[in-house]
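So the chains spell out like this:
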Amino acid sequence: MKILDRLEEVLIAVLMGAATLLVFVAVLHRYAAGWPIPLVQDWLLSLNLSWAQELCIYMFIWMAKFGAAYGVRTGIHVGVDVLINSLPDRSRRAYVLFGLLAGALFTIIVGTLGAHYVWSIGHTDQVSADLEAPLWIVYLCIPLGSYLMCFRFLQVAWAFHKTGELPHHDHGHVEGLETVAAIDINPYGMRDNLHPADIKPGSRP
Amino acid sequence: MNRPVSLFTALPLAMVALPMLGFAAGLPVPTPLIIFLLLFGLMLTGMPVSIALGLTVLTFLFTMTTVPITSVALKLFTGIERFEIMAIPFFILAGNFLTHGGVARRMIAFASAMVGHWHGGLALAGVMACALFAAVSGSSPATVVAIGSIILPAMINQGFPKRFGAGVITTSGALGILIPPSIVMVMYSVATNTSVGQLFIAGIVPGLVLATMLGLTTWYRARKNNYPRLAKASWGQRWRTFRESIWGLLLIVVVIGGIYTGVFTPTEAAAMSAVYAFFVAVFVYKDLTLAKVPKVLLDSANMSAMLLYIITNAVMFSFLMTSEQIPQVMAAWMLDKGLGPIAFLLVVNVLLLLAGNVMEPSSIVLIMAPIMFPIAMKLGIDPVHFGIIMVVNMEVGMCHPPVGLNLYVASGIAKMGITELTIAVWPWLLTMLVFLVAVTYWPDMSIWLPKALGMMR
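Chains A and B are the protein sequences, given in the same order. Take the first sequence: its letter number 18 is residue 18 in my numbering, and every next letter is one higher. Take the second sequence: its letter number 107 is residue 107 in my numbering, and every next letter is one higher.
No wet-lab data here; the hints were simulated from the structure. Please note that the accuracy of each hint is not assured.
Only pairs whose alpha carbons sit at most 25 angstroms apart, straight line, appear in this in silico SDA-like list of lysine to any residue [as the list claims (entries may be wrong)]:
#	chain 1	residue 1	chain 2	residue 2
1	B	224	B	163
2	B	75	A	133
3	B	415	A	133
Kindly generate the complete structure, drawing on both the sequences and the hints.
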């Protein structure tokens with residue numbers, strides 16, 4: 001389980017960094033190839049980076065699918081929790097569980113739709129426009145990411161059922177007024193009404 | 001007390017169940033009503049907005065439509081396959097690097113040297129620093145974090161009341177999404193196919209006007225209460241602080257200049273600014289160690305993935321709306337009722353301000369823009385002007401409870417309760433509402449600059 005967690009984190013962080021570098025290099029290349037330096041210009045012109053844009057899109061789609069699963073684990077997905085955060089604990093508990101299970105239901109349906117789709121194009125030789133990568137590999141992130149997300153929803157639901165606690169994304173990381181350095185705060189990780197509150201005294205916003 | 005609570009408890013369920021029952025019983029329930037009751041019912045149960053959107057679409061598809069499910073499933077894959085959308089992760093990454101790096105600190109030093117000797121002193125410098133930082137960051141809460149965490153402690157040391165400082169920073173941070181770059185503007189352009197470049201340039205003048213108005217409010221209150229001022233900085237000091245903050249200020253030139261001259265597309269500009277911000281934070285100002293970079297990448301990926309997931313499902317939702325002709329039907333109905341642009345914009349503002357009470361900006365824009373946009377077009381409202389109106393509404397929503405992101409971030413930094421902070425922000429919030437009216441009914445404020453620059457006809 002630890003390995004899966006780690007793999008997920010490394011994958012999305014690497015995709016994020018790599019996509020940024022890729023677009024950066026592609027832009028530099030576009031302008032550098034315009035400078036009339038002998039040999040270098042010929043070499044630059046011989047490189048074709050027109051696939052960079054497409055690869056960047058696919059990298060971000062992969063990042064989005066697996067990042068969404070990671071987001072369930074860190075509790076970052078925003079919702080409308082004004083109403084349920086003002087309800088008594090018992091009914092709030094029911095609604096939070098309902099929401100988590102609904103998430104699991106949605107992701108499993110999407111995952112299955114995606115699996116069917118990948119299966120159906122896996123038998124064709126459809127390739128992407130610029131990269132000429134087989135499309136079924138590109139779209140494999142839909143079933144994989146969605147099933148992982150479903151698993152995460154179930155995991156969080158089970159933990160909530162047992163302990164009454166939901167994952168909160170480092171809400172306590174503000175260092176306060178005394179120390180100024182090292183502010184590590186995630187705007188979507190606060191105890192606000194965009195996330196459901198735990199079942200604990202004093203946990204409401 | 002007990003009765004209303006149980007009523008509220010049952011509300012989301014009733015909203016989901018009633019239209020479904022009506023449909024099952026064969027009653028002629030209008031389709032839009034079913035869709036909206038279902039969506040808002042699901043959202044009120046507190047599930048993530050993205051899941052509520054997705055489940056609404058799926059329920060609708062499986063029970064009551066002739067649109068083939070495969071065509072919608074395809075949207076799920078291809079919905080975010082657009083290069084423009086990828087500006088969002090890049091801007092988030094750039095913003096995170098800048099928040100960690102010392103860019104904000106040097107901008108504050110520059111702003112203090114420029115305006116610190118007037119009434120309001122550091123507070124006024126805070127407004128100016130927020131406006132400067134907003135021009136390199138696309139997010140409001142990030143601006144509050146970056147500027148607030150440095151300037152709030154300094155203000156309290158100087159003898160400003162905590163409330164005053166927190167109020168200034170909470171509201172000035174909202175400039176983050178109005179002054180380009182802006183993630184919310186990218187969302188609007190995704191939802192309505194408006195040009196990101198035009199929106200960015202259109203945000204400049206309203207952003208400066210709002211910054212001035214917030215500054216004036218600060219100045220007036222500081223003068224009335226006789227709050228501390230800074231000693232007047234010499235021109236030598238001003239030049240020195242300017243030179244030190246030049247790396248951050250240059251980013252403004254890269255993004256705005258690059259997009260305006262057509263050197264970069266907005267997405268490329270975003271990627272360039274992410275690399276640039278990384279370079280400045282790690283190698284120039286050395287405020288961020290290389291060991292911390294993976295954490296920044298992971299946090300940015302986490303936040304971007306959440307927003308992209310909402311976009312994916314919102315694209316499906318708006319596809320459903322379009323295929324059911326809902327915006328067109330609503331537009332025809334509104335025109336039929338004789339609603340003019342003035343009344344329509346009033347309704348839009350009220351609806352968006354109400355939505356700002358329960359949702360965060362990205363979700364609101366992605367859900368509301370596809371519905372309101374066709375109506376606005378029929379009434380002859382400029383698409384870019386309409387975008388700016390939406391963004392200003394989102395700003396107001398970020399500064400008041402129950403869900404204002406800025407408010408929660410500021411309360412975390414200042415260690416103040418939400419209720420106290422709510423009282424603290426009201427003078428600036430009123431200023432913003434006045435500004436909202438001006439933006440709404442004076443289109444030239446937004447569209448004059450892009451027109452003058454020849455970006456729009």
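Evaluation of the provided hints:
no., hint, in the structure
1, B:224 <-> B:163, "holds, 16 angstroms"
2, B:75 <-> A:133, "holds, 20 angstroms"
3, B:415 <-> A:133, "violated, 52 angstroms"
The earlier numbered hint that this structure contradicts is number 3, and it is the only one.
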